[in-house]
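If you want the building blocks of each chain, they are given just below.
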Amino acid sequence: MSELTIVWVYPDLLSTYGDRGNMLILHRRALARGIPARTVEVRSDEKLPAHGDIYLIGGGEDGPQASAAERLIADGGLHRAAADRAVIFAVCAGYQLLGSSFFAKGEKCAGLGLVDLHSDRGPSRAVGELAGDIAPELGLPPLTGFENHGGRTHLGAGVRPLATVTTGVGNDSVGEGVWAGTILGTYAHGPALARNPALADLLLRWATGEENLAPLDETWTGRLRAERLAAVGRS
Amino acid sequence: MSDDRKPTELPAPRASTPRLPLRTALAAQVSRTAAALSRATGRGDGSVIGGRLGMMIDPDLLARLADGREIALVSGTNGKTTTTRFTAAAVGVLGDVATNSFGANMPTGHTSALARAGDTRYAVLEVDEHYLPQVIKATLPKVVALLNLSRDQLDRAKEVAMMAQLWRDALDAYPAVHVVANADDPMVVYAVGDHPPARITWFSAGQRWQDDSHVCPACGGHIERWSDGGWFCGNGDLRRPEPQWRLADGKVVDADGVAHEVPLQLPGTVNLGNAATALAVAARFGVRTADGIPRLATVASVAGRYAQVDRDGRLIRLLLAKNPASWLEAFDMADDAPTLLSINARDPDGLDTSWLYDVDFSPLRGRQVLVTGDRAMDLAVRLEINEVPFSHVRTFGDAVAAVPPGRLEVIANYTAFQDIRAELDRVV
Numbered sequence: 001m002s003e004l005t006i007v008w009v010y011p012d013l014l015s016t017y018g019d020r021g022n023m024l025i026l027h028r029r030a031l032a033r034g035i036p037a038r039t040v041e042v043r044s045d046e047k048l049p050a051h052g053d054i055y056l057i058g059g060g061e062d063g064p065q066a067s068a069a070e071r072l073i074a075d076g077g078l079h080r081a082a083a084d085r086a087v088i089f090a091v092c093a094g095y096q097l098l099g100s101s102f103f104a105k106g107e108k109c110a111g112l113g114l115v116d117l118h119s120d121r122g123p124s125r126a127v128g129e130l131a132g133d134i135a136p137e138l139g140l141p142p143l144t145g146f147e148n149h150g151g152r153t154h155l156g157a158g159v160r161p162l163a164t165v166t167t168g169v170g171n172d173s174v175g176e177g178v179w180a181g182t183i184l185g186t187y188a189h190g191p192a193l194a195r196n197p198a199l200a201d202l203l204l205r206w207a208t209g210e211e212n213l214a215p216l217d218e219t220w221t222g223r224l225r226a227e228r229l230a231a232v233g234r235s
Numbered sequence: 236m237s238d239d240r241k242p243t244e245l246p247a248p249r250a251s252t253p254r255l256p257l258r259t260a261l262a263a264q265v266s267r268t269a270a271a272l273s274r275a276t277g278r279g280d281g282s283v284i285g286g287r288l289g290m291m292i293d294p295d296l297l298a299r300l301a302d303g304r305e306i307a308l309v310s311g312t313n314g315k316t317t318t319t320r321f322t323a324a325a326v327g328v329l330g331d332v333a334t335n336s337f338g339a340n341m342p343t344g345h346t347s348a349l350a351r352a353g354d355t356r357y358a359v360l361e362v363d364e365h366y367l368p369q370v371i372k373a374t375l376p377k378v379v380a381l382l383n384l385s386r387d388q389l390d391r392a393k394e395v396a397m398m399a400q401l402w403r404d405a406l407d408a409y410p411a412v413h414v415v416a417n418a419d420d421p422m423v424v425y426a427v428g429d430h431p432p433a434r435i436t437w438f439s440a441g442q443r444w445q446d447d448s449h450v451c452p453a454c455g456g457h458i459e460r461w462s463d464g465g466w467f468c469g470n471g472d473l474r475r476p477e478p479q480w481r482l483a484d485g486k487v488v489d490a491d492g493v494a495h496e497v498p499l500q501l502p503g504t505v506n507l508g509n510a511a512t513a514l515a516v517a518a519r520f521g522v523r524t525a526d527g528i529p530r531l532a533t534v535a536s537v538a539g540r541y542a543q544v545d546r547d548g549r550l551i552r553l554l555l556a557k558n559p560a561s562w563l564e565a566f567d568m569a570d571d572a573p574t575l576l577s578i579n580a581r582d583p584d585g586l587d588t589s590w591l592y593d594v595d596f597s598p599l600r601g602r603q604v605l606v607t608g609d610r611a612m613d614l615a616v617r618l619e620i621n622e623v624p625f626s627h628v629r630t631f632g633d634a635v636a637a638v639p640p641g642r643l644e645v646i647a648n649y650t651a652f653q654d655i656r657a658e659l660d661r662v663v
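Protein sequence lines correspond, in order, to chains D and W.
Under the numbering used here, read the first sequence as residues 1 to 235, first letter to last.
Under the numbering used here, read the second sequence as residues 236 to 663, first letter to last.
The following block holds chain W by itself, in its conformation from the complex (with noise of 0.2 Å):
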């Protein structure tokens, strides 16, 4: 099995950036600079744009930068970027691994990631759920993890059960793809499908919401659910797969049966999940399961997520939150102290924010809770339906100067995030 090879008995890597053809050279050359360019002007880290130049000059570009090399592909609606991350950092027992740490999941992201990282064996990449077919044929990746699915930016993303069935028609194409996929999600079960259970490692860890898998994507009948997290379709189309990674009294159990201590610095059960199904894919490189935990504990923060900035004595902690999976998440993580939620809904958040009557903010009731952002007051009226005390400040200074000296959580969606990460000086 691959999972017990020491990287020595690996194949030796083949080197793809001196191989690479003129053209394709050239793209990455452009690629790599054009980022750099970006980077410099203070326009961004520079991934999409980079890599959207290289592949005008050549569009098979992804293609023959992933050429040559070990690949894991990491999709999912929540905890793909986190999980990429924690897998780069495991997978790096190995040898140098590139991989898109900054988020930018689609190809122009996957393509610069690449190029910037040159000649290396292994890539880890982040993978937008939508763009999932189009990435694994053009990088024939070695491992594909697939986390979970649920609703999204509902004014634009594709429908839950859509999004299941695109899956599922990209993996039957590649059946020697090894599957890395969360036992726990209907959609996700169902985008499986009929792959060879010999490719298919599944893992369990646990999954607070549950409001998008109600219904079988196989014959639209019942999912029933047992209190164990057990669940199966009352027509006998789809049922929960006995996985091989779980999560057991706060460690994580291995393929094996074995129990280990994964001390993480980023908080909540949510991470520990993404940690074990890290591990999982790292094991299908070769890395040992003992090897990879202590690179795990490496992380601090993930693009500015978790990170822990003191401020006139607040030491205030950044969680992202998207779609209501996530809120959920951020609750189960954030300590019992004094909360900033902050709410947008710019183009990259999704514009509708109806999502907020999806999210049970009762968890919060007893902290002190202030809300901003450019959507504070659908904010403020679902707090209130939500019997929620709350107060409303008009910027983050004015939150901080509001909570005494301590801990501050601060939960936010995406541009909110991005707005107070950019006032906390770019913390990363």
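The shape of chain D in the complex, shown without the other chains (with noise of 0.2 Å):
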């Protein structure tokens, strides 16, 4: 790989929850390891580039999310994208984004159906801290998020979630988020890969193919971690 290239998807729609953080953290984690990266922000009126090697996609509001929902799939850039193992990390609207059909405004609207799953429209808006533990096999310490979204999303059968809910909802009060091969969504805003740096180096791992990262220092990050577990009884 000559150069890692972190692609944000539309942030000029979908921005609300402090979404650029997620690619400032990988950009500056893939730098501190000495490998060469790249951030290219994607408007939603400009074509997504074929070749990127993490695409992130944030959260945002209903007419936001609507919108973007019809011009990834008139573009067609992250299929081709997730064809070819590309890793996608998706967060929110953006996460309900990669199912087959997501609410909005309150209507049933089509998704880019890249993972087997939906999203309806749940009993209450979910607003609060949310953490859970990382599916095992990824090796991970437990998920710290904020969520704050009125859906809730059901994943199809032999679909995985990112993490089992031991505080908040996620997608349904058991499940949060989704892991299908290099794709992940998940509810949590922070942003995510602030309160988790390891799974920000999931994703690089991932894109770069390096099983091994050197470690960082993780001081303000690790006591971030703390406070935030210890504030739902976890530690």
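Misleading hints may appear alongside valid ones.
[Claimed, not checked] FRET-style restraints, in silico, Cβ to Cβ:
#	chain 1	residue 1	chain 2	residue 2	range
1	W	H365	D	S124	17 to 27 Å
2	W	V493	D	P36	52 to 62 Å
3	D	P123	W	P432	44 to 54 Å
4	D	S124	W	C454	31 to 41 Å
5	W	K486	D	P123	54 to 64 Å
6	W	A535	D	L216	41 to 51 Å
7	D	K47	W	E459	16 to 26 Å
8	W	P410	D	V232	43 to 53 Å
9	D	R125	W	A535	37 to 47 Å
10	D	P49	W	A657	49 to 59 Å
11	D	G156	W	D567	49 to 59 Å
[As the list claims (entries may be wrong)] Listed below are several chain W residues computed to face chain D (Cβ distance under 10 Å; list not exhaustive):
#	residue
12	A396
13	G455
14	D587
15	T588
16	L591
17	D593
18	L618
19	E619
20	I620
In case anyone wonders, no lab produced these hints; they're calculated from the structure.
Glycine included, every Cβ here is placed at the ideal spot set by N, Cα and C.
With the hints in hand, could you dock these two chains into one complex?
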């Protein structure tokens, strides 16, 4: 790999929850390992680049979410990226887009169908701290984040959640997010990679094929994680 | 034009208090008494409890108290407390002004402010953006000032575009209201909608934050921007109106094109913009700009904001920053000096701290930066990623001890600001 390309998909539409943070964190953590990396922000009236290594999709309001789905379906770039086994990390509204359908402004909208899941409206809005145990095969410490969404997400048979919920709602109060090959979806803001640097490194490992990334100074991220997990009664 | 009317040519004010029905008079009296009790027992300034009790006795209390007054409402995500204070000061040229100067900006606070003020001819009220339609209906204002709309308190505030629509619908029903509105903000321009052009005064005060208006609220198309502040929707739905009031070379240019020096005690271009807005509103009441300007210079702090306190040789200045747009403004106002940042995520602040990543903290590089507050660790991780060196302090006192004598800038979000203000003995 010459240079790791991190593509932020449609920041003009999907950037409500500090989503820039996930891009900044991946970029910084790559450079800190001596991995050449660049970031590309792609507006919704631009074509998605074909050869990104990591695609990031953030959270957003109902209207922009529906527009983003239409434009991504028309663009086709994310489908090609997924077929090439690029890494995709999607948060909240962006996560719902990955499935076959979602609800925005009271209407059912077509999603990208990249992962076998669909989302509908829950009985109440899920707002608050979110924590869970990440799928053990991934070998990561607990997930911590903040969620704020009205949707509930239902995974198809054979599709695995990213984590098992211990605090909050996530997909359905049991599972949270999705893990499908090199695609991850989550309801966690924070942003998610600020609170879960091990998750950021997982994406970097997938994208670079480097199994062993040099450890970084985790003094402040460690203290942040300890504080947020303690706030929900976990250590 | 009403701008040119002298105060003496206005119709005589109607005395509101003596004409109130018995029930309303009782409600107003209870409201005042409860507010006084609340203040006396140290529970707050009493605006909310006083208003709430009064409205329980007479649900139309706000409308009745508003009747007969000439009222300006000031709303927006940022700058409304300061702009309200400036506007009240400028309109004060004409006579007594009722105002909710404690930032109690919901109907209970308005009721309390009007009850407390007694019989004034004028009122200038800061209004929470969610409540603007309701307060327009109750008070039938002469002027409504619309400052801006941007993201704030993500876990519970309405979406920005929904808020713009809410305002638009509200103004639609009141075409006689004069609107003083920000031409730089596409969301505000959309909210003004098809209001009669003769009843709109556009102002331009510059706008740093643009991340909530990349998309046209009318059609979902792209908002394109020029470097001079101009903008337009690519599909032709919306474009920046020509402002009548604007800032140029550090001066306020009025609707006649006259440039005024406006000396202020409050720092930053943002506050000069707030001053321009206030003068534009005051002009609708007949205040000559040259008369209003000296009044603005008397404002030294707004509910503790911008207040300067000398503590152990440190000249401490408090800046409130509630959301990404106001953080950018705070960096503009702050001196190149040691800076304490304090973040909480309690209910009034909003619980989600993700917005920290919408703020670029790099202007702080090269300054001594300290972090504190309930969510100092979120701030620490953010600054590390932003490559801004910092140190963590447990308390405000530790921060004061950690900096050399001289200026200390304090930038804090809502409850963090209140905590520090309490430590500084409730400076006002």
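Practice task
Can you let me know if the beta-carbon spacing of D/P49 and W/A657 is within 49 to 59 Å?
Solution key: Holds, at about 52 Å.
Is it true that the C-beta distance of W/K486 to D/P123 lies inside 54 to 64 Å, as the hint says? With a Cβ separation near 56 Å, W/K486 and D/P123 satisfy 54 to 64 Å, so the hint holds.
Outcome for the supplied range 17 to 27 Å, where the beta carbon pair is W/H365 and D/S124 = 20 Å, holds
Do the Cβ positions of D/P123 and W/P432 conform to the proposed distance bound of 44 to 54 Å?
46 Å, holds
- Task: Could you check the hint for me, namely that D/R125 and W/A535 are 37 to 47 Å apart, CB to CB?
- Result: 42 Å, holds
**Prompt:** Do W/A535 and D/L216 keep their Cβ atoms within the hinted range of 41 to 51 Å?
**Reply:** Taking Cβ atoms as reference, W/A535 and D/L216 lie about 47 Å apart, which means the hint holds.
query = Can the hint on W/A396 be confirmed by a CB-to-CB distance to chain D that is less than 10 Å?
reply = Holds - the Cβ of W/A396 comes within 10 Å of chain D, reaching about 6 Å at its closest.
_Using the nearest Cβ pair, does W/T588 come within less than 10 Å of chain D?_
7 Å, holds
* **Status of the W/D593 interface restraint (C-beta, 10 Å, chain D)** => The hint holds - W/D593 has a Cβ within 10 Å of chain D, the shortest such distance being about 6 Å.
Supplied contact hint for W/G455, tested at 10 Å Cβ to chain D:
Result: holds, 5 Å to nearest chain D Cβ.
Requested in this report: With a cut-off of 10 Å on the beta carbons, see whether W/E619 makes it to chain D.
Outcome: Cβ of W/E619 sits 5 Å from chain D, so the hint holds.
message = W/I620 was flagged as interface toward chain D. Is the shortest Cβ-Cβ separation under 10 Å?
response = 5 Å, holds
When held up to the earlier numbered hints, the structure conflicts with none and fits them all.
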